[in-house]
Amino acid sequence: MIYNLYIFNSAGDCLYYSEWRRKKQTDMSKDEENKLVYGMLHSLKSFVARISPDTSDSFQSYQTSTYRLSMYETPSGVKFVMNTGLELSLQSAREILHSLYKEVYVEFAVKNPMLSLQSPIDSELFRDKLEAFINSKMRE
Amino acid sequence: MIYSVYIINKAGGRIYDEDFAFNRQAEEVTFQSHPIPLVLTADTGKVLVKFGATGNVKPGHSIIAVDRQAVTGLYTAGDRAILDVINDPASYPLTLTFGRTKASANEKLMLASIFHSLFAIAAKISPIEQSSGIKELHTEKFTLRCFQTITGVKFFVIVDQKQTGCEHLLLRIYELYTDYVLKNPFYPIDMPIRCELFDQNLRKVIEQVERATAYNSATLS
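Sequence order for the protein chains is F and P. Just so you know, we're using the numbering used here here: the first sequence kicks off at 111 and counts up by one. Just so you know, we're using the numbering used here here: the second sequence kicks off at 23 and counts up by one.
Each hint should be verified, as a subset may be incorrect.
To be verified - Lysine-lysine pairs mimicking DSSO-like chemistry, simulated, CA-CA at most 30 Å apart:
# : chain 1 : residue 1 : chain 2 : residue 2
1 : P       : 80        : F       : 145
2 : F       : 155       : P       : 205
3 : P       : 32        : F       : 145
4 : F       : 155       : P       : 80
5 : F       : 145       : P       : 146
6 : P       : 130       : F       : 134
Hint data in this document are derived by calculation from the structure and do not stem from the laboratory.
Could you build the full structure based on these sequences and the hints that come with them?
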């Protein structure tokens, strides 16, 4: 079960957001929520870097009693954040994010010469391909 | 392997923290002559590797001992500035030990509070109603497991990927907390824990759990 997905660029702007089975909304505007999620991710990254018993560590995912948040960050700073149900293992969630980056983002966002990738992604093709990809993953 | 244990009160303040198995991965390298293949900088009270790598030493490591004597901040045990010793050709051959510097007490306070906030935000942005805060956090190199009591006190442990039995460990730490801390009539609630018995017994529990894990992985392999 995939609940929602955020894509942030390195500056913290939300490039894309989509939800599928989200049951609870926060009582904040979309903008505020995106900023909160990005802020939380930024803090998580520096928290992990400092508390780790080893040098150069990076945050991958956390889980609560009801959902799992997984993050995939590319070397260029683009962050894919996905909330899934707990029945999806940590490994599967990471694989989904990696495939999403490889098969959807790179193919239909990066390779699109009309998209700037510094502002929200406004491409029907990208949206359709992303939805199809997620739906196929949910059916598995 | 259990790296550390933290206890946070309901307001988010750290009341206990302890590091175990710290710097078991310290790297010792002997350099024969000046100059060495690392770029070092003095950074907030420690000498940090900024660039360059040799053996297992990478950027991010800091110098914790010179010629096997522990350093204090930017100075060696003999009160010489570490960077001076390294730049002086007469000190070679020189043995430097690299590792992670221990977070200072202030840093630990901040880390505990930061975790408290992250815990709360995770519950807030949940796409499902009635979510708890962060119960497990996974990174490349460690796992953090947290247990929150009904009164809002949080116990969290930093362990490596192979560690099992963390739920049980957290509950035992909670037991020790109620026995040696809460039942102490002189202990002010929500203040930092300063109790010899608690420390001793916590150490015993940690050793027990580590031994059990080592036994399990030995029998399985």
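ask   = Which numbered hints are broken by the structure, listed smallest first?
value = Violated hints (numbers, rising): 1, 2 and 6; every other hint is consistent with the structure.
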